[in-house]
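**Q** Please build the complex by placing chain B on the supplied structure of chain A, with the hints as guidance.
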Amino acid sequence: MTDERLADVGVLRRLLIRPELGAVVGALVVFAFFASQSAVFRSLDGVANWLDPASTLGIMAVAIALLMIGGEFDLSAGVLTGTTGLILVTLATEYGLNVWPAMLVSLVVALAVGLLNGLIVTRTNLPSFIVTLGTFLMLQGLNLGVTKALTGTVQVGGLREAGGYAGAQAVFAGTVEVAGTSFRVAILWWVLVTGAATWVLMRSRAGNWIFAVGGDERAARAVGVPAARTKIALFMTTAFAAWLVGSMMALRYTSVQANIGIGQEFIYIIAAVIGGCLLTGGYGSAIGAAIGAVIFGMADKGIVFLGWDADWFKFFLGAMLLLATLANRLVRRYAEEVRH
Amino acid sequence: MILQTRDIGKSFGSVLALRGVSMGVEAGQVTCVLGDNGAGKSTLIKILAGVHRHDTGTLLVDGAEVRLTGPRDALDRGIATVYQDLAMIPLMSVWRNFFLGSEPRKGLAFDVRTARRVAGEELRAMGIDIRDVDQPVGTLSGGERQSVAIARAVHFGARVLILDEPTSALGVKQAGVVLRYIARARDRGLGVVFITHNPHHAYPVGDRFLLLNRGASLGEYAKADITRERLTALMAGEAELEALAHELERDESTM
Numbered sequence: 000m001t002d003e004r005l006a007d008v009g010v011l012r013r014l015l016i017r018p019e020l021g022a023v024v025g026a027l028v029v030f031a032f033f034a035s036q037s038a039v040f041r042s043l044d045g046v047a048n049w050l051d052p053a054s055t056l057g058i059m060a061v062a063i064a065l066l067m068i069g070g071e072f073d074l075s076a077g078v079l080t081g082t083t084g085l086i087l088v089t090l091a092t093e094y095g096l097n098v099w100p101a102m103l104v105s106l107v108v109a110l111a112v113g114l115l116n117g118l119i120v121t122r123t124n125l126p127s128f129i130v131t132l133g134t135f136l137m138l139q140g141l142n143l144g145v146t147k148a149l150t151g152t153v154q155v156g157g158l159r160e161a162g163g164y165a166g167a168q169a170v171f172a173g174t175v176e177v178a179g180t181s182f183r184v185a186i187l188w189w190v191l192v193t194g195a196a197t198w199v200l201m202r203s204r205a206g207n208w209i210f211a212v213g214g215d216e217r218a219a220r221a222v223g224v225p226a227a228r229t230k231i232a233l234f235m236t237t238a239f240a241a242w243l244v245g246s247m248m249a250l251r252y253t254s255v256q257a258n259i260g261i262g263q264e265f266i267y268i269i270a271a272v273i274g275g276c277l278l279t280g281g282y283g284s285a286i287g288a289a290i291g292a293v294i295f296g297m298a299d300k301g302i303v304f305l306g307w308d309a310d311w312f313k314f315f316l317g318a319m320l321l322l323a324t325l326a327n328r329l330v331r332r333y334a335e336e337v338r339h
Numbered sequence: 000m001i002l003q004t005r006d007i008g009k010s011f012g013s014v015l016a017l018r019g020v021s022m023g024v025e026a027g028q029v030t031c032v033l034g035d036n037g038a039g040k041s042t043l044i045k046i047l048a049g050v051h052r053h054d055t056g057t058l059l060v061d062g063a064e065v066r067l068t069g070p071r072d073a074l075d076r077g078i079a080t081v082y083q084d085l086a087m088i089p090l091m092s093v094w095r096n097f098f099l100g101s102e103p104r105k106g107l108a109f110d111v112r113t114a115r116r117v118a119g120e121e122l123r124a125m126g127i128d129i130r131d132v133d134q135p136v137g138t139l140s141g142g143e144r145q146s147v148a149i150a151r152a153v154h155f156g157a158r159v160l161i162l163d164e165p166t167s168a169l170g171v172k173q174a175g176v177v178l179r180y181i182a183r184a185r186d187r188g189l190g191v192v193f194i195t196h197n198p199h200h201a202y203p204v205g206d207r208f209l210l211l212n213r214g215a216s217l218g219e220y221a222k223a224d225i226t227r228e229r230l231t232a233l234m235a236g237e238a239e240l241e242a243l244a245h246e247l248e249r250d251e252s253t254m
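Line by line, the protein sequences are chains A and B.
Residues in the first sequence are numbered consecutively from 0, following numbering that gives the first Met the number 0.
Residues in the second sequence are numbered consecutively from 0, following numbering that gives the first Met the number 0.
Isolated chain A (complex conformation):
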């Protein structure tokens, strides 16, 4: 009988169709390359070093991945990390607020921005690319304009002196000692966020709805999926992630540049796409996006370890993106082909 052979194909098929496959292979190749060239890279200190940029990028990439699976983009997410950081530092230094309530205020503002993005997109049916490009530019203007008006410079700083700084710093920007090497606590947050996002996607009703609204919104509505609510929740999740990352950066550096986060929005999208997200929505994975961020972290630091010019990073980025998009296209065609 041919049954056994069919079963084997089934397993292979299921493996191939996992969205994170490309990212896993990519991460292994990139790791093998840099690890073979640099002893520092493969040491525990090296790992802690390249996991650091991977973690903050990863938190954002995972949130953006959920949003992209739901069929939308958010170009304002990068600048929003700056906005939340600026609000936190400004309130804590210029207005003497304790760090914790200042963080709460910036969280409320971030969620409001996410809600606004979501409401405009779902009410008007305009492409989220355009809507969030609008909020991106508006936030960029606000970040610079308000900071200049309040301080006369393009930066706010001095968070270290604010009340509650030590506690908040330990929770969001501290380090954890593992085998004599200090790892950033952001790595823990990143793992937590990735785990939570994966659970939501694979094991909750909301996850089913996210895949559905991104796959075919009209069909999802027809069977009673609350499409608008799902999308608004996704925009607010992205905003929440931006708040988390913005607060981490502010607490870590104790000062925030008014132009921070600009250009990052595309890096998040690229990491999500490398992780297997389709630009057209309805397909992707949170773990994939997290691994996409690891690839970035490794390349970012690996190029420095090898003593190469940092410009090569951009070239690498573009090449990875192209490869990932090609791989995803094959997967989609495979999944959607109709057999008779």
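Since the hints were derived computationally from the structure, they do not count as laboratory data.
Worth double-checking, as some hints may not be accurate.
[Unchecked claim] Covered, in the sense of this in silico footprint (three residues per stretch, anywhere, with C-beta under 8 Å from a C-beta of chain B), are these stretches of chain A:
#: 1; segment: 221-231
#: 2; segment: 302-309
[Claimed, not checked] Here are some chain B residues pointing at chain A (derived, C-beta under 7 Å):
#: 3; residue: Ala86
#: 4; residue: Arg95
#: 5; residue: Glu239
[Unchecked claim] Below, in silico cross-link-like pairs of lysine to any residue (SDA-like), each with a Cα-Cα straight-line distance of 20 Å or less:
#: 6; chain 1: B; residue 1: Lys105; chain 2: A; residue 2: Leu141
#: 7; chain 1: B; residue 1: Lys105; chain 2: A; residue 2: Thr197
#: 8; chain 1: B; residue 1: Lys105; chain 2: A; residue 2: Ala195
#: 9; chain 1: B; residue 1: Lys105; chain 2: A; residue 2: Ser203
These numbers come from a predicted model, not from an experiment.
Even for Gly, the Cβ is constructed at its ideal location relative to N, Cα and C.
**A** Here is chain B on its own, set in the frame of chain A:
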């Protein structure tokens, strides 16, 4: 009769889309609605499905007159409609699609294990041989997709199944597969409203036949009262067909 219409009618502005149509669906029987494009088939099923409100005549569910307030109302009364486009997400697995919008819960979580098992069982109970409920719906054939949509409606408590042209986009073999599932749903005691413009698909599976032409009924026939030939002739519109034959003949002679 689970579902019945008496002299039902609907107009959109000055257009009379449907006039004086009477039909009925019995449990465990198949009522076929036949008609050419523009005959009023879609208007009729949209009234039955709760999408449109009728203007004249009466709609009865279990013998009692009702006015459906919307598709949800129809569903709550056990009237499920499977449209041509099926409302399924190609990139999602069979079991995820099966429970989409009505996911079983276990605490806060989506009870994935139950969903996967029940989807498989329901499909098998309908005699649908899906190799793997984890495969994306996009990889299924047209007939298989129709079958999954039918099984889904049956599982969620449908007593009346309205099928909108389920065989029109399919090849001969695939259409046969879908007809078999229609018979299977009928055997499980559901009333089926089967909309089609193909009398050869309708006749073998149907118990009653409603013929529509230009928004009006040409009559509702029990299977015993009509032959396949008569049904085909009525469908084609005898007079029109004769006129067409003449026209074609003349064209040939002038060549």
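**Q** Now tell me if each hint is right for this structure.
**A** Each hint tested on the structure:
With 4 residues bearing a CB less than 8 Å from a CB of chain B, the segment 221-231 of chain A meets the requirement of three and the coverage assertion stands. Counting residues of the segment 302-309 of chain A whose C-beta lies closer than 8 Å to any C-beta of chain B gives 0; at least three are required, and the coverage claim is violated. Given the 7 Å rule on beta carbons, the hint for B:Ala86 holds: about 4 Å separates it from the nearest Cβ of chain A. The interface hint given for B:Arg95 is met, as the beta carbon of that residue sits about 6 Å from the closest beta carbon of chain A, less than 7 Å.
Nearest Cβ of chain A to the Cβ of B:Glu239: about 34 Å, over the 7 Å cut. The hint is violated. Using a Cα cut-off of 20 Å, the hinted pair B:Lys105 and A:Leu141 is violated, with the two alpha carbons roughly 45 Å apart. In summary, the hint linking B:Lys105 to A:Thr197 is supported, as the alpha carbons are separated by about 17 Å, within the 20 Å threshold. Between B:Lys105 and A:Ala195 the CA atoms are separated by roughly 17 Å; this keeps the pair inside 20 Å, and the hint holds.
Of the pairs offered as hints, the one joining B:Lys105 and A:Ser203 holds, with about 10 Å between alpha carbons and a cut-off of 20 Å not exceeded.
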